[in-house]
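Engineer: Using the hints provided, position chains B and C relative to the given structure of chain A.
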Amino acid sequence: MSQIELKNINKSFDGKTILNNISLKVEEGERISLLGPSGCGKTTTLKIIAGLLKNDKGQLLIGDKDVSKVPVEKRGAVIVFQDYLLFPHMTVAENIGFGLKMAKKNKNIIKEKVDELLKLVKLEGLGDRYPDELSGGQKQRVAIARALAVDPKVLLLDEPFSNLDTGLRDEMREFISNLQRKLNITTILVTHDKEEALMISDRIAVMLNGEIKQIDEPSEIYKHPKSIEVANFLGNRNYIKGNIKEGKFETEIGLFNIDNREQKEVIAMINPEDIYLDNSSNEGLEGTITEVRYAGDRIYYKIKIKNKQIRVISNSDKVYRLNEKIFIHMDFNNGVFF
Amino acid sequence: MNFKISKIILYLLLFFLLVPLFVLVIWSFSNSWPWPNMLPKDLGIRAYKHIFSFRTGTLGVLIYSIILSATVTLITIIISIPASKALGVYDFPLKKLFKILVLAPIIVPPVAVAMGIHVSFIKMGLANTFLGVVLVHLIPCIPYGVRIITSVFEGIGEKMEIQAKVLGASSLQTFFHITLPMITPGVISAASMVFIVSFSQYFLTFLIGGGKVKTLSLVMFPYIQSGDRMMASAYSIVFSLTTLMILLIMEKSIKKKYKRETDLFV
Amino acid sequence: MIKDKIKPYILLLPIMTIIFGIFASGLIMGFMQSLGRFEAIGMTEFTLRYYKEVLIDKGFLSSFGFSFYISIVSSVIAVVVGVILAYLLLINKHKKGIEEIIYRIPIIVPHTVASLLVFNILAQSGVLPRILNFLGIINEQSQFPALVFDKNGWGIIFSYIWKEIPFIAMVVYTVLKNINDKLRDVALNLGSDKKQVFFHILLPLMMPSIISSFIIVFAFSFGAFEAPYLLGPTSPKALPVKAFIEYNNPDLTNRPYAMVINMILTFFSVMFILIYYKVFNLINRYSR
Numbered sequence: 001m002s003q004i005e006l007k008n009i010n011k012s013f014d015g016k017t018i019l020n021n022i023s024l025k026v027e028e029g030e031r032i033s034l035l036g037p038s039g040c041g042k043t044t045t046l047k048i049i050a051g052l053l054k055n056d057k058g059q060l061l062i063g064d065k066d067v068s069k070v071p072v073e074k075r076g077a078v079i080v081f082q083d084y085l086l087f088p089h090m091t092v093a094e095n096i097g098f099g100l101k102m103a104k105k106n107k108n109i110i111k112e113k114v115d116e117l118l119k120l121v122k123l124e125g126l127g128d129r130y131p132d133e134l135s136g137g138q139k140q141r142v143a144i145a146r147a148l149a150v151d152p153k154v155l156l157l158d159e160p161f162s163n164l165d166t167g168l169r170d171e172m173r174e175f176i177s178n179l180q181r182k183l184n185i186t187t188i189l190v191t192h193d194k195e196e197a198l199m200i201s202d203r204i205a206v207m208l209n210g211e212i213k214q215i216d217e218p219s220e221i222y223k224h225p226k227s228i229e230v231a232n233f234l235g236n237r238n239y240i241k242g243n244i245k246e247g248k249f250e251t252e253i254g255l256f257n258i259d260n261r262e263q264k265e266v267i268a269m270i271n272p273e274d275i276y277l278d279n280s281s282n283e284g285l286e287g288t289i290t291e292v293r294y295a296g297d298r299i300y301y302k303i304k305i306k307n308k309q310i311r312v313i314s315n316s317d318k319v320y321r322l323n324e325k326i327f328i329h330m331d332f333n334n335g336v337f338f
Numbered sequence: 339m340n341f342k343i344s345k346i347i348l349y350l351l352l353f354f355l356l357v358p359l360f361v362l363v364i365w366s367f368s369n370s371w372p373w374p375n376m377l378p379k380d381l382g383i384r385a386y387k388h389i390f391s392f393r394t395g396t397l398g399v400l401i402y403s404i405i406l407s408a409t410v411t412l413i414t415i416i417i418s419i420p421a422s423k424a425l426g427v428y429d430f431p432l433k434k435l436f437k438i439l440v441l442a443p444i445i446v447p448p449v450a451v452a453m454g455i456h457v458s459f460i461k462m463g464l465a466n467t468f469l470g471v472v473l474v475h476l477i478p479c480i481p482y483g484v485r486i487i488t489s490v491f492e493g494i495g496e497k498m499e500i501q502a503k504v505l506g507a508s509s510l511q512t513f514f515h516i517t518l519p520m521i522t523p524g525v526i527s528a529a530s531m532v533f534i535v536s537f538s539q540y541f542l543t544f545l546i547g548g549g550k551v552k553t554l555s556l557v558m559f560p561y562i563q564s565g566d567r568m569m570a571s572a573y574s575i576v577f578s579l580t581t582l583m584i585l586l587i588m589e590k591s592i593k594k595k596y597k598r599e600t601d602l603f604v
Numbered sequence: 605m606i607k608d609k610i611k612p613y614i615l616l617l618p619i620m621t622i623i624f625g626i627f628a629s630g631l632i633m634g635f636m637q638s639l640g641r642f643e644a645i646g647m648t649e650f651t652l653r654y655y656k657e658v659l660i661d662k663g664f665l666s667s668f669g670f671s672f673y674i675s676i677v678s679s680v681i682a683v684v685v686g687v688i689l690a691y692l693l694l695i696n697k698h699k700k701g702i703e704e705i706i707y708r709i710p711i712i713v714p715h716t717v718a719s720l721l722v723f724n725i726l727a728q729s730g731v732l733p734r735i736l737n738f739l740g741i742i743n744e745q746s747q748f749p750a751l752v753f754d755k756n757g758w759g760i761i762f763s764y765i766w767k768e769i770p771f772i773a774m775v776v777y778t779v780l781k782n783i784n785d786k787l788r789d790v791a792l793n794l795g796s797d798k799k800q801v802f803f804h805i806l807l808p809l810m811m812p813s814i815i816s817s818f819i820i821v822f823a824f825s826f827g828a829f830e831a832p833y834l835l836g837p838t839s840p841k842a843l844p845v846k847a848f849i850e851y852n853n854p855d856l857t858n859r860p861y862a863m864v865i866n867m868i869l870t871f872f873s874v875m876f877i878l879i880y881y882k883v884f885n886l887i888n889r890y891s892r
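Protein sequences, first through last, are from chains A, B and C. If you read the first sequence in our numbering, its first letter stands for residue 1, the second for the next number, and so on. If you read the second sequence in our numbering, its first letter stands for residue 339, the second for the next number, and so on. If you read the third sequence in our numbering, its first letter stands for residue 605, the second for the next number, and so on.
Keep in mind the hints are simulated off the structure, nothing from the lab. Just so we're clear, the structure is a prediction, and the values are computed from it rather than from any experiment. The beta carbon of each residue, even a glycine, is placed where N, CA and C say it ideally should be. Check each hint, because a few of them may be wrong.
Cβ-to-Cβ under 10 angstroms is the rule here; a few derived chain B residues that face chain C [unchecked claim]:
id	residue
1	Leu425
2	Pro447
3	Phe459
Restricting the straight-line Cα-Cα distance to at most 27 angstroms, the calculated cross-link-like pairs of lysine-lysine (DSSO-like) are [stated by the list, open to error]:
id	chain 1	residue 1	chain 2	residue 2
4	A	Lys69	C	Lys609
5	C	Lys781	A	Lys101
6	A	Lys107	A	Lys122
7	A	Lys104	C	Lys799
8	C	Lys798	A	Lys74
9	C	Lys662	B	Lys342
10	C	Lys798	A	Lys105
What the simulated footprint calls covered on chain B by chain C, stretch by stretch (three residues with Cβ under 8 angstroms from a Cβ of chain C suffice, anywhere in the stretch; the number is not a length) [unchecked claim]:
id	stretch
11	450 to 458
12	566 to 580
With the rest of the complex left out, here is chain A:
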């Protein structure tokens, strides 16, 4: 278990830049997510850390050691792949013990360790099964146990939950989170699912087009994205153009009071859940409801104000109807300006 640091990592294939100056430091025992859409380079980053790919430029430190030249089999950064990739011709126990066998460990030691891991991942008694006799969740637990067997310095999880059904996914997230805390193992998780990243990471690195755009704790990333790109990736927000002038924010949909005294042209971001709807009084901005989607614990609205569509998520019990006139309250002091 060690800290790991990427310094200015670059990678290109056939002249196309895949990774552009990736720098990232993960503390010992920390759980960090690489969040980004498919093709943003996150899996490439993972493979470079594991040593399955070579970086063109930059440094890669595990502990304090530069491991750029250490071959994959000696590096100690183990990936758990999205599709688990259990060896089909080996039993569960043989799969888990594979790394130890390759390291030519004593048979009794392997057996002991495998039993211990089977217990850890709650698969006692399934050691003699073959992978094709396991469910998705079980396969994943075998894959994790197989990775943990070699005592990796860093655990790399590549979209670990995307092949699981919703219910099972929550269960496995919890299971892996707890396991990681218990073992205090440095972990990098790659995902395209922002909710997943927000839920289970100590910190998130948002990756777009081969660059890390922002590294922060989940709430910071969500509440204070540093750019529109990052903001956009983390959710469907509202963006409103306007001018700040002497404590007023002048926009296409109306005039708002604001504490900010600077004078400049900005784009303000405001989250759909920070906008409140009301039809009890005539205060606020008037709009018309153009779309209603009921999702049980919350309701998604689209509302037309002048010529602008605004998204609103409401947690209240009251359901407004389509085409209903409505008054909107938004406070730009909670907004983010770009």
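Structural biologist: Only chains B and C this time, still in chain A's reference frame:
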């Protein structure tokens, strides 16, 4: 370093596989090549001239052989498609036994089968006839046809056909519009393999055809046996090029339609 | 529904007509004749006499040994080299290589032509002795070892391995290509070196297809007529050649001897099929 060695070994192996063919080509153009010369003394096309002269009638034999093997291929494919569907898609009692029976001729020596059936063929008037030879060729061809097409059916299953029927297609329409287009790439690989097996057949043709059914395999055999290198080599070249051409035609016909690579797989 | 139940059998009917009508009945009639029952020439009694005679005949035993030896040597060499070729093709695969096509050429060349190739190169007047002569290693044809028509069957073995290496390589390469590339990555990632990847991951996954293609190749060379007929020594003769010579004897009462040899060939082939099917179940288990 390691990588380079592997490449060298690879090319050595390919060299081992190809050099004999290269030598074959040279020998077919050698009017005279006495020991211990490294190169032929007299290069020429005498062998080819002889093969394609009207007197030897090789061109006729060639066409006859192609027609014979094409007939074998067609029949093999026609009976293999339904059998492969049964073996690839359905589950039924004794399926394993049927599978073993169909694939058995790949293992059981054709020599034993041909000698055993010979007397009956004579009685039925099939010996020494085109039809008799076609029938006996089916035996070594069937396992290849069924193996390849069965694996195709195992891959596609019955879902698409059921979908077509749900949409109102009749059984016949389903076969021609859905099943056939889906299995065509596999059928072409099977047909290529079956054609090679039939076209290469010597012993079965010789025994059942009794020398009356003259295929190219049969005609070139005595030259090989007698060690007439020039003629034997030229015949071998004609033989191999014909096979290659027919395979290419088959592969082309499919690529046009499917833009997908067919593998000459077994 | 009854219709659904009999459907598979109806689909199998045409092919089974051929299999039973020619293949099975050919074997059965051969079997009858091997027991001495050959109605066409008025032999009607059943006897094991011919089996006894053949099985104690020294010529038969040496033929059996010769056939077995040729098949096992050529098949083992072909499998080992074929697997190596497949593996080399896999690891040297970059773009659409021409290598992938040319290695398969020998598959379309018939065994008769393969025999000619061997004769062209390895006979004492062939290309190899000429090269050795040119290099001054030998001075006369007779100094070159007789590799064709020889008692060690080298000519036959060479023609088989030339034909069979590509066949094995093709079967194995198809399997290798379909083994998920990432399984190799996983193994490397878990600390195995390249050698371990080959022996612990690739080889076990290839094993079923290696064994099944070995059996096909072995059974084929055990029962094939052409190569030993063209390249084999006068004695011992390979079993299929021996069977044909007995068969070709103008004295028809000699036929049962040919059939006994055929039945022994067939018996061993059936044993191979049994092994083959044991292996086939393994294939199904590994192919996900």
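Engineer: Decide if the proposed pair is consistent with the structure: lysine 781 of chain C and lysine 101 of chain A, CA atoms, cutoff 27 angstroms inclusive.
Structural biologist: Roughly 26 angstroms separates the two Cα atoms, so the pair holds.
Engineer: Report holds or violated for chain C covering the stretch 450 to 458 of chain B, Cβ cut-off 8 angstroms, minimum 3 residues.
Structural biologist: holds (count 8)
Engineer: Can the stretch 566 to 580 of chain B be counted as covered by chain C under the rule of three residues or more with Cβ-Cβ separation shorter than 8 angstroms?
Structural biologist: As far as the stretch 566 to 580 of chain B goes, the hint holds, because 6 residues have Cβ atoms under 8 angstroms from chain C.
Engineer: Tell me if the straight-line CA distance from lysine 107 of chain A to lysine 122 of chain A falls inside 27 angstroms.
Structural biologist: It holds: about 22 angstroms lies between the C-alpha atoms, which stays within 27 angstroms.
Engineer: With the threshold set at 27 angstroms, check whether the alpha-carbon distance from lysine 798 of chain C to lysine 105 of chain A stays at or below it.
Structural biologist: Holds, at roughly 18 angstroms.
Engineer: Was the hint right that leucine 425 of chain B lines chain C, CB cutoff 10 angstroms?
Structural biologist: 8 angstroms, holds
Engineer: Check whether the Cα positions of lysine 662 of chain C and lysine 342 of chain B lie no farther apart than 27 angstroms.
Structural biologist: Given that 27 angstroms is the threshold and the Cα spacing comes to 52 angstroms, the pair is violated.
Engineer: Given the hint that lysine 69 of chain A pairs with lysine 609 of chain C, test it: the Cα-Cα distance must not exceed 27 angstroms.
Structural biologist: Roughly 64 angstroms between the alpha carbons, so the hint for lysine 69 of chain A and lysine 609 of chain C is violated.
Engineer: Hinted pair, alpha-carbon criterion (27 angstroms max): lysine 104 of chain A, lysine 799 of chain C. Please report holds or violated.
Structural biologist: 13 angstroms, holds
Engineer: Would you mind confirming whether the straight-line C-alpha gap from lysine 798 of chain C to lysine 74 of chain A stays at or under 27 angstroms?
Structural biologist: Roughly 12 angstroms separates the two Cα atoms, so the pair holds.
Engineer: Taking 10 angstroms as the limit, does the beta-carbon of proline 447 of chain B come near enough to a beta-carbon in chain C?
Structural biologist: With Cβ-Cβ at 3 angstroms, under 10 angstroms, it holds.
Engineer: Does phenylalanine 459 of chain B pass the interface check with chain C, least Cβ-Cβ distance below 10 angstroms?
Structural biologist: 9 angstroms, holds
Hints 4, 9 from the list above are not met by this structure, while the remaining hints are.
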